[in-house]
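Asker: Those protein sequences? They're chains D and F, same order as listed. The opening position of the first sequence corresponds to residue 1 in the working numbering, with each subsequent residue numbered one higher. The opening position of the second sequence corresponds to residue 224 in the working numbering, with each subsequent residue numbered one higher.
Worth flagging that the hints you see were computed from the coordinates, not collected in a lab. Worth double-checking, as some hints may not be accurate.
One-sided and incomplete, this derived list gives chain F residues near chain D with beta-carbon spacing under 10 Å [to be verified]:
(1) I406
(2) V410
(3) T414
(4) C437
(5) P444
(6) L446
(7) F459
(8) A699
(9) S702
Virtual Cβ for every residue (Gly too), placed ideally from N, Cα, C.
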Amino acid sequence: MSQLTALEHDSYPAEQFEDTQQQSLAATLGMWTFLATEVLFFGVLFTGFYMYRMRWPDAFADGAKDLKWYLGGINTAVLLGSSYFVALAVEAARSGDRRRIVRNLLIAIALGVMFIGIKFTEYGIEYHDHLVPSLNFSSVSPEGQPRATQEQIFMTYYFVMTGFHALHMIVGLCVLAVIAFFARRGKFSAAYHNPVEIAGLYWHFVDLVWVFVFPTLYLLRHP
Amino acid sequence: MTTGTVPYIPAVEVEERETYLNVSGKIRSWLLTRDHKRIALLYLISITFFFFIGGAAATLMRLELMTPARDLVRPETYNRLFTIHGVVMVWFFLIPAVPTTIGNFVIPLMIGARDLAFPRLNLASWYLFVFGGCFTVAAIVLGGVDTGWTFYTPYSSVYSNTNVVLTIVGIFITGFSSIFTGINFIVTIHTMRAPGMYWRRLPLFCWSLYATSCILVLATPVLAMTVTLLAIERIFHVPIFDPNRGGDPLLFQHLFWFYSHPAVYVMIVPGFAVVSEVVACFSRKRVFGYWFVAGSSIAVAFISFLVWGHHLFVAGMSMYGGIVFSFLSFTVAVPSAIKVFNWTATMYNGSVSLKTPMLYALGFIGLFTMGGLTGVFLATLAVDVHLTDTYFIVAHFHYIMVGGMVTAFLAGIHFWFPKATGKMYPEWAGRIAAGLIFFGFNLTFFPQFILGYLGMPRRYAGYPEEFHLLNVMSSAGASILALGYVMPLVYLIWSIKYGKDAGPNPWKAMGMEWTVPSPPPKENFTKIPVVTQEAYAYHMMTPQGGDGPILPPAPPGERVEGGKPVDVEWSKQ
Ligand SMILES: [Cu+2]
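Put together the whole structure using the sequences plus the hints.
Answerer: So, in structure tokens, the structure goes:
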């Protein structure tokens, strides 16, 4: 974000670049490289999750059944929707339509906030169902079904994966807000809109992570 | 350096020229700088600080091991010492050593750019590094940490009552500093090359640091997430790796080494980078097999991701897993050997001059070869079972990391010191220090190979009487080594003020960093240069050399005299 605030004062292209094309190429490649880092970051969680799932298939299937799949499903739709509006904002930026950038970004942000809201509602439900490891995990479900100890591993991974994803969402929302702010101030034009594209790239990535997180956690309900 | 040159360099003129150093002297201008050259110096100061912290821990350990009895420190303290030594040296010295200092300084100069692609990110990386360092220093001051630098669970996540979380936070933050440096280098090398600087003309230094950056970007996040999981398990007492509740400590080891084996190559590939430059320059020859040297850096980076399992041969791994990892580990020897043979072939028939950087580079080649060959022993399943967790391993990786990386780091520091400061250091002092380090290093670590072979386990404060002599030799070597490391610190700092003026190109080296004045101006190049020839056209240099290494391109047919490449009588200049 410091990159963006400084745009206000700096020349474009920045002094280390020869021309604007070089600058936007560098910025885009930088974001792609960062996303490669992010893939490995989440990859650790998926690796551990699937390894444990192979070891404790029953406990993990029970864990999936204890989650509210419909809330996860709604969230998937919400997030895909927000990605759609971010894509529209990028499209608008290419044609230099300031109004449409701001409008689409605001809708995307609203959907993102809604996602976070639903997610935290879910956390509340899980707390209520005594599913939080080490805090209130109970070996008996509210319906009286026994729960395996290893379901705690499932729930730990659930909280870590969705928690890190939510963290990325919050960062992404801040980025989109800053972009919307600058778009409103007339910072972007058809000639210069690379920050919008790069922010969009990040948002789509966060969306994509969820596309993998959702089936992994919610839909593998059979051992 | 002869008196005859003095009239041609009026001292007044040199002092008035604006350089990256004197453009502003305010502390603020250093702390907020976006200049890659200044950030490199900030890094250099920080990692030197950490080097001496890690070194102090090592000194105490060697003092303790002077006698078989556990007399100087308590065993718990000894555990803390080797942990601090490992953590500080790995994450706060070896990994950032060459990339963030020398790499930061010379990559933009080498490829003809005004700066890295993201100068602010570069400064942010340094702040993250320092911030992470503060946590680690705090952990040390508050009583240290005793898990070993590998943080194996469940000891680290359940049982240890030392500052594990604080240390992990430091490593996590510093990890992001590495990632950002890696991203910066990758993007810079891709997009900031001067016109004509095609990939086939890219200096091998940049190839190696490109490979290093790929490792940093792809491996460091794995460490970050793995230690985060460890911290989560430790803080919230949730089951992740805890075997009592269905977790698997081996998962931690796999994840940790998936990062840490590639990280070992982050600690050696930048050494290759420096040595390729130094060997070519001081042999006055183009690098033998440019594409093989460049490609082997990429190959090492690629293979590094496939061999982590060799750290778990005795930790509980299926026989077939062991065989596969053993075979893959052997393949590392191929690109490593390509490097060593090509450097040797570069020197063959060259006019080798044994200046200080070259002495270090030669030391590197020898010590790295030793370290690499003993690595093949350890990759062999049956032998590894005998040698794991003995001093043989300790000696092996110190030959790579200290004998290899630290030596290469010093080669680079001595090679580019005149460029960074505009001054020369006293050559005799440099040679003595290089000799001391080589001798002291071998005296310290060669006995450890024998100790390990005889079965002395690592990480113990005491040992049986029969290992006494070899341990005394090792400790004696360590004190020589320490002296060797302090010497450059002294004479290099002295030279900044009192050294002779270096001129733009004291080594008559190729490479674009030598075409600009020393120290370089803030913007590096007044006009972005156009590259017209390969990186190591030493064979095209005239015997006169000249101050500018990049000669105007000669038309084809004039590059040779009498059908033979021009010979350069380098040593007699
Ligand atoms: Cu390894």
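Asker: Are the hints correct? Go through all of them and say.
Answerer: Verification of the supplied hints:
{"no.": "1", "hint": "I406", "result": "5 Å, holds"}
{"no.": "2", "hint": "V410", "result": "5 Å, holds"}
{"no.": "3", "hint": "T414", "result": "4 Å, holds"}
{"no.": "4", "hint": "C437", "result": "9 Å, holds"}
{"no.": "5", "hint": "P444", "result": "4 Å, holds"}
{"no.": "6", "hint": "L446", "result": "9 Å, holds"}
{"no.": "7", "hint": "F459", "result": "5 Å, holds"}
{"no.": "8", "hint": "A699", "result": "44 Å, violated"}
{"no.": "9", "hint": "S702", "result": "42 Å, violated"}
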